[in-house]
Amino acid sequence: MLKGRAFKFGDNISTDHIVPGRLAHLRSNLPELARHVLEDADPEFACKVKTGDFVVGGSNFGLGSSREHAPLVIKMAGVSAVLAKSVARIFFRNAINRGLPVLICDTDNINDGDELEVDMAAGTIKNLTGGRTITFKPIPDFMLSILNEGGIMPYIKKHGDFKL
Amino acid sequence: MTQVGFTLAEKILSAKSGSVRKAGDIAIAAVDLAFVQDTTGPLAIRAFREAGFCRLANHKKTVLFLDHAAPSPNWQLSNDHIFMREFARETGCVLSDVGEGVCHQVVAEKLAKPGDVIVGADSHTVTAGGLGAFATGMGSSDIAVAFALGKTWFRVPESLMIELAGKFSKGVYAKDLILYLIGKIGADGATYKALEFGGPGVAGMPVADRLTIANMAVEAGAKVGLFPSDEMTYQYLKVLGREADYEPLSADSDAGYPERIKIDLSTLQPMVSKPHTVDNTVTAGELGGVKIDQVVIGTCTNGRIQDMEIAASILKGRRRHPQTRLIISPASPGVLREAIKKGYIETLIEAGAVILPPGCGPCLGLHQGALGDDEVCLSTANRNFKGRMGNPKGHIYLASTATAAASALAGRITDPREVL
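Protein sequences, first through last, are from chains A and B.
Residues 0 to 163 in numbering that gives the first Met the number 0 are what the first sequence lists, from first letter to last.
Residues 0 to 419 in numbering that gives the first Met the number 0 are what the second sequence lists, from first letter to last.
Next comes chain A alone, as it looks inside the complex (with noise of 0.2 Å):
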């Protein structure tokens, strides 16, 4: 069980919102880059959010640049999971890859602040103080085998190979 408050965020948040081009020199320095995260779409975030947080976006989150950098950072700011109502293609293979759940699902009506509770198994975010439940999309399955691994490299070294 994932439990943890929201960081709510609009539709459309760019990779170049979570780890901007600009910062492209740290990127060889991951704990100073981390200390970025988020910076052009909510310059307080990176001290506000705390372990086990959740990043909720709206439509299209994490569109642009295939930089893995993006999940990781938000992954290394101690956020548990990525909620939004549709994800970028290469920042979901991405964040997979790192270990960091997606879950799209509706998040219309989750608010900032509010407290929510993931059930994976189950597939239900729980806002404990909206009160409602909502389901999420299952993961795909080959990227829920890698996801359970901890992400592509753990995957990897154990299989040696992509297993169908």
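Among the hints, a few may not be true.
Simulated restraints, written as ranges between beta carbons of each label pair [claimed, not checked]:
| hint | chain 1 | residue 1 | chain 2 | residue 2 | range |
| --- | --- | --- | --- | --- | --- |
| 1 | A | 139 | B | 353 | 46 to 52 Å |
| 2 | B | 274 | A | 128 | 32 to 38 Å |
| 3 | A | 47 | B | 287 | 48 to 54 Å |
| 4 | B | 58 | A | 120 | 54 to 60 Å |
| 5 | A | 130 | B | 252 | 54 to 60 Å |
| 6 | A | 139 | B | 238 | 40 to 46 Å |
| 7 | A | 111 | B | 58 | 48 to 54 Å |
| 8 | B | 238 | A | 107 | 49 to 55 Å |
| 9 | A | 136 | B | 234 | 30 to 36 Å |
No lab work stands behind these hints: they were computed from the structure.
As the structure is a prediction and not an experimental result, all values here were calculated from the model.
Glycine residues also receive a C-beta, built at the ideal position from the N, C-alpha and C atoms.
Keeping the supplied structure of chain A fixed, place chain B upon it in accordance with the hints.
Quick look at chain B alone, frame taken from chain A:
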């Protein structure tokens, strides 16, 4: 039930996985080319080593590009370059060093072949779809795995068929088509899908145009932007001395396309994307002359010789607006050399342009042309996200090379047909 034919995406992924694969299936496909660039490469190399890999599946088809910080603006990125050069020396893979070109332009000129599966740790890897390659961007870890195993996994995408008819009218270009299409279907209009281009409008379309269109497929969320490989592909490869790499490739006539969009090229207008999303499009005429501080011509979208020619033809004997800086970056040494030979560079310098070495700098706000607070830039690049060009207080508009050049003269966003 009758068997439905294969889309281009299904055809390539079936061939490269050695099995029949249709939309929705998972394919484990052989990778013909895998690459990283200097802002994604160090993470890929670390992932590769942390997984315990030491050998590349195919060192000749593994490329490290130093193009995003070229030349490097600071010691941190210089150290990343050292790290990547060392990896290239150790593994024997190909290094494309500073000044040797923007990865996607070099891939198109020298490496991509029709029918290839190409994966790169850069979202605009889709560019090579203009040559009929299944080319897509991935993160550093996926590329590290492709480096080591020589294969990757895909969910075979459903394909959205974009049927083109007619020809562009004067002043309208491939860039206007792709901006129009993204405006129509939205920045997530093709998420998880392949965009495939077909119809009579494709037959006469040069590969340079196809590369511009495929390059921006990802701005509609697409996994890949695919063109057939045909006579125009052959001509492109022949000019580069690569006719042996040619292979014809087309979708089956009865391929299953759940959705088709028809566009008559002759009806299109010069288009502009307004801040801060690519699908925020209007015609250049509708914008009413937004004042601009900077124009950028170049990038993997519009940094080819055709772009240098268009810019030079519009700017010849004229001068940029005194309040509008003009930055031009040919995307590869090949483009730069040809532009010098043909006199375009001289024309552009006389018009007041700053010529940058081949690289990506301004487009992603890494260096060379970062915007000041509230400054407005018109760029031929592919993204106008908030913060993209080095400053979240900057405003980025996207357009064709012709619109960019015409606007540099006027100091305001201008329909290029006013000066052509």
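Quick check on a hinted range of 40 to 46 Å for residue 139 of chain A and residue 238 of chain B, using CB atoms only. holds, 42 Å
Would you say the C-beta atoms of residue 238 of chain B and residue 107 of chain A sit inside 49 to 55 Å of each other? This hint holds: roughly 53 Å between Cβ atoms.
Distance restraint evaluation - residue 58 of chain B, residue 120 of chain A, Cβ atoms, bounds 54 to 60 Å: Cβ of residue 58 of chain B to Cβ of residue 120 of chain A: about 43 Å, so the range 54 to 60 Å is violated.
May I ask you to test the hint 48 to 54 Å on the CB atoms belonging to residue 47 of chain A and residue 287 of chain B? About 40 Å separates the Cβ atoms of residue 47 of chain A and residue 287 of chain B, which means 48 to 54 Å is violated.
Note whether the CB distance of residue 139 of chain A and residue 353 of chain B lies within 46 to 52 Å or breaks it. holds, 47 Å
For residue 130 of chain A and residue 252 of chain B, compare the CB-CB distance with the range 54 to 60 Å and indicate the outcome. holds, 55 Å
Determine whether the Cβ-Cβ distance between residue 274 of chain B and residue 128 of chain A falls within the hinted range of 32 to 38 Å. Holds - the Cβ-Cβ distance for residue 274 of chain B and residue 128 of chain A, about 34 Å, lies within 32 to 38 Å.
Distance restraint hint 48 to 54 Å, applied to the beta-carbon atoms of residue 111 of chain A and residue 58 of chain B: holds, 49 Å
Using the Cβ atoms, figure out if residue 136 of chain A sits within 30 to 36 Å of residue 234 of chain B. violated, 45 Å
The structure fails hints 3, 4, 9 (numbered hints given earlier, in ascending order).
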